[in-house]
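Peer 1: With the hints as constraints, model all of the structure from the sequences given.
In order, the protein sequences belong to chains A and B.
Take the first sequence: its letter number 223 is residue 230 in the numbering used here, and every next letter is one higher.
Take the second sequence: its letter number 95 is residue 1180 in the numbering used here, and every next letter is one higher.
Hints listed in this document are in silico derivations from the structure and should not be mistaken for laboratory results.
Computed from a prediction, not measured in an experiment: that's the story for all the values here.
It is possible that some hints are incorrect.
Unchecked claim - For each label pair, taking beta carbons as the anchor points, the in silico distance ranges come out as:
(1) Phe1419(B) - Arg142(A): 47 to 53 Å
(2) Ser411(A) - Glu1425(B): 31 to 37 Å
(3) Asp359(A) - Leu1421(B): 57 to 63 Å
(4) Ile346(A) - Glu1235(B): 51 to 57 Å
(5) Glu1193(B) - Asn88(A): 39 to 45 Å
(6) Lys275(A) - Ser1513(B): 29 to 35 Å
(7) Ser411(A) - Thr1438(B): 53 to 59 Å
(8) Gln1161(B) - Lys275(A): 31 to 37 Å
(9) Pro347(A) - Gly1485(B): 16 to 22 Å
(10) Ser1513(B) - Pro270(A): 29 to 35 Å
(11) Asn1184(B) - Lys275(A): 44 to 50 Å
(12) Ser411(A) - Lys1452(B): 30 to 36 Å
All C-beta atoms in this analysis are idealised placements derived from N, C-alpha and C, irrespective of residue type, glycine included.
Listed below, chain by chain, are the residues.
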Amino acid sequence: MSQEAQKEKSMILQKEMIEGLFNDLDHAKELGKKVCYTFVPGNLSELIRTFDMLPVYPEINALQSAMRKKSGGYIKEAEKNAHSEDVCTYVKCDVGMMMKGNIGPTGTKIPEPDVLLLSYTGCFTFMKWFETLKREYPNAKVIMVHTPYQENAKMTPQMVEYMVKQFKEEVIPQMEAVTGIKYDEAKLQKMLALSKQSEDWITKIFDTTKHRPSPIDAYFAGVYYIGPINIGFRGTQEAVDYYKELYSEIQERIRLGLGPITPEGEMKEEKYRLVVEGPPNWTSFREFWKIFYDMGAVIVASSYTKVGGVYDLGWRHDPSRPLESLAEYCMNCYTNLNIPQRIDLLSKCITDYGADGYITNSIKSCNSFSAGQLGMMREIEDRLEVPVGFIESDLVDPRYFSYSNIKNRLESYFQMLEQRKIMEKENV
Amino acid sequence: MKKYYLGIDLGSTTSKAVIINEQDEIVGRGITNTRANYKVAADIARDEAVYDARFNLLQRKIGEDVTKPEFKKYMQDLRSVFQYGQFRRRMESLERMLNKTVSEFNYENKAAILVKLKEIIETIRPQIQHGFINEDLGSKNQFFRDIVSEKYNVEVEAKGKEFYEPLMLAFDKSITPIENEMVHYNFKELVLEAMKILDEKYKGLVDEQEDGSHEDWYYAQLNAVKNNYKNVEFTLRDHIEDIANEEIHIAKMVGTGYGRALLPFPEDCIKSEILCHAYGAHAIFPNTRTVLDIGGQDTKAIQVDSHGLVTSFHMNDRCAAGCGRYLGYIADEFGLSLNELGPEANRATKETTICSTCTVFAGAEVKELLHNGEERPNILAGLHKAIVQRAMSLIARSGGVRNEFTFTGGVARNEAVLKYVKQMVTDSYGDVTMNIHTDSIFMGALGGAMFARRNISADLPTAKEKAKQEN
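Peer 2: In structure tokens form, the structure reads like this:
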């Protein structure tokens, strides 16, 4: 029984923003705007906008293709062209889409890149991805920034300095050369002030899962909420307005004591509160989500919603230190944290949001997420004595989503939680 | 009225049922092969468990006498011949179906095929009868399909090439509907019939020469039963009526196993096999902290807490290598039965390294190795080792062996697997207590029955009504 999806005002706002961006991309030439391809982790959206460029996020296009059931065909196309079965499926989906005419999620052609900007190097595949694109778009300027890994769990002044130097000596001059626009620090600062506001709002939004029932699902709906802040709108008034609106809608849900909205309407009973590590599967996103909400499971926090920035612990963009804060931002995205930092962060989520369990969705073709996941799970299990679950799927390759395997595992996991609750009640 | 609780574990290869009483004691176990119709498989397993329960109650009624050699032997024979009674009825249906199937064939030599079929049936019928009555076939854990097809295939081979295809086709077409047909038997009728057969058997019993081909107790039992079977019959007759009429009232039940979603049970009576296996294993061995279950098509490494509740688990994914089906496939490759695999592997002088991580490729590798003159037991040992290695990796992923280790599932019956599990667990985790129980294959069903007794708040009738309404 599928109900008409509930459309809130914030959803409409988001849709308008995304359509606007793709419309601009479609008319980039007429608008005289340059196009910059970049990735969500460590994205320098504000800097890109300072130079009036339009951002394109290949991994977002890939996941959109998957949700529109097009990724399977694109991946096949890439494999025909010698991309092996083990290559990251985001890459193959993107390459395949390009080969098939580069038609984006809104049905219009995505313009070729003027700049390929890599500002996060924690994922080695990103680097190879742009090397591949460079061969396809020989006229594009490649700008690669080396982002130091937080090996010692801190961002030292030297690390910041090292990155700022790259911005000043590499990134900014090259962007000036491509766009013919002079670097305007005041413009950047203005945007960073708005970024800070967006970040404040989104932190408050994800913090609402403290309520019982949780008014939102911080994973399945969370991936929509992070859209604007991750895909280039962070430093815009539109994003601030969107998050303000979203927050007030959520406040209303809290006031009414409502649970999260699912594709089949309101979730009626909150039985389990979970924290999820790892990206979702995009090819069967609805089916995947349904397994959870059918069981009354709500995700109260997820690591995936932190890939575009970790704001939970108070870090914000700072207009008074524009380039320094951009450097910190790049170094502070989730997959650039070392494993103990990730464990601490997830443990804090489990404790703060009163989670009953912790689930890892391990992605077959994503090294940057998968490395260390089992160890993290073990450590969290030992530290918090929380029941843990492990499932495997893939980002955008439909061949690697086995519904029955995942359902069987999750069913077992939920029954395990249920059993514990019964035992705990008996022991009280 | 006494209350009993039923757990049914519908696995990919076998379906198991366990009945427990209010003290969590197992009163009956039943097992059958899983077939296309899951409901029939579950019902047969349940019926088997009920018969087993009645036999166990009967033994309890006999009291201390049951330990006497004549009673021991008699009860063992009685169960085997009781199975023959069931077998015979199903066999009659199969014979009719075979004849019908062949009659509908379009082969030119149909009449000749029918003659051959008749010959085969008349050859195997007494063979099987003899097997049940005189050779203890009933205790060999073989199912109807296995027993018949083994004998049938041998006879078909002997009938010549021109009959091979139609006769095999006739069997394949006939066995499935027969297997998927539910037949309820009358316990009392079957027991009395079995007693009559045994009466005949013992009457004609001649003294066996003690030539050392059997253990001493064998001759002792044989002599005892020969001299005292009338007495045993007399004692049993007293109780049969009561036992047959005793209502085994199943108060609650739980279904588990990979086919659980297809069981005709209400939703709240369906439980994950991971929980059930862990709970069952923990009930038998309360200090268990790590459970390894190797079933037909999946392998599970499960960590449990002191209450028997699962804290985490890992399963094999996307690949059958490392579970029971792999063994089945290998057995087919070698033309052995599943029961022969373990003993054959244990005859190895070394373990051949098997590189393929895929069931199908392993088959190709085996052929190559045989071609190169590698000994069969050595290859089998390598294959068994490979399975256990895969299981060990799952155990490691799930957190390792933390304390007592319990091995469950059908594959725990394979002695070569057992040997490597013991070896590798000790190598990796030191001297931990390792539990393997004769009931390993029933752990999931036992866990299910225990869950049934504990925490299904809804009474079955209400839950059933709910399920009906939803349909």
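Peer 1: Does each hint hold? Answer for all of them.
Peer 2: Outcome of the hint check:
no. : hint                               : result
1   : Phe1419(B) - Arg142(A): 47 to 53 Å : 52 Å, holds
2   : Ser411(A) - Glu1425(B): 31 to 37 Å : 33 Å, holds
3   : Asp359(A) - Leu1421(B): 57 to 63 Å : 58 Å, holds
4   : Ile346(A) - Glu1235(B): 51 to 57 Å : 56 Å, holds
5   : Glu1193(B) - Asn88(A): 39 to 45 Å  : 56 Å, violated
6   : Lys275(A) - Ser1513(B): 29 to 35 Å : 46 Å, violated
7   : Ser411(A) - Thr1438(B): 53 to 59 Å : 33 Å, violated
8   : Gln1161(B) - Lys275(A): 31 to 37 Å : 56 Å, violated
9   : Pro347(A) - Gly1485(B): 16 to 22 Å : 21 Å, holds
10  : Ser1513(B) - Pro270(A): 29 to 35 Å : 45 Å, violated
11  : Asn1184(B) - Lys275(A): 44 to 50 Å : 58 Å, violated
12  : Ser411(A) - Lys1452(B): 30 to 36 Å : 32 Å, holds
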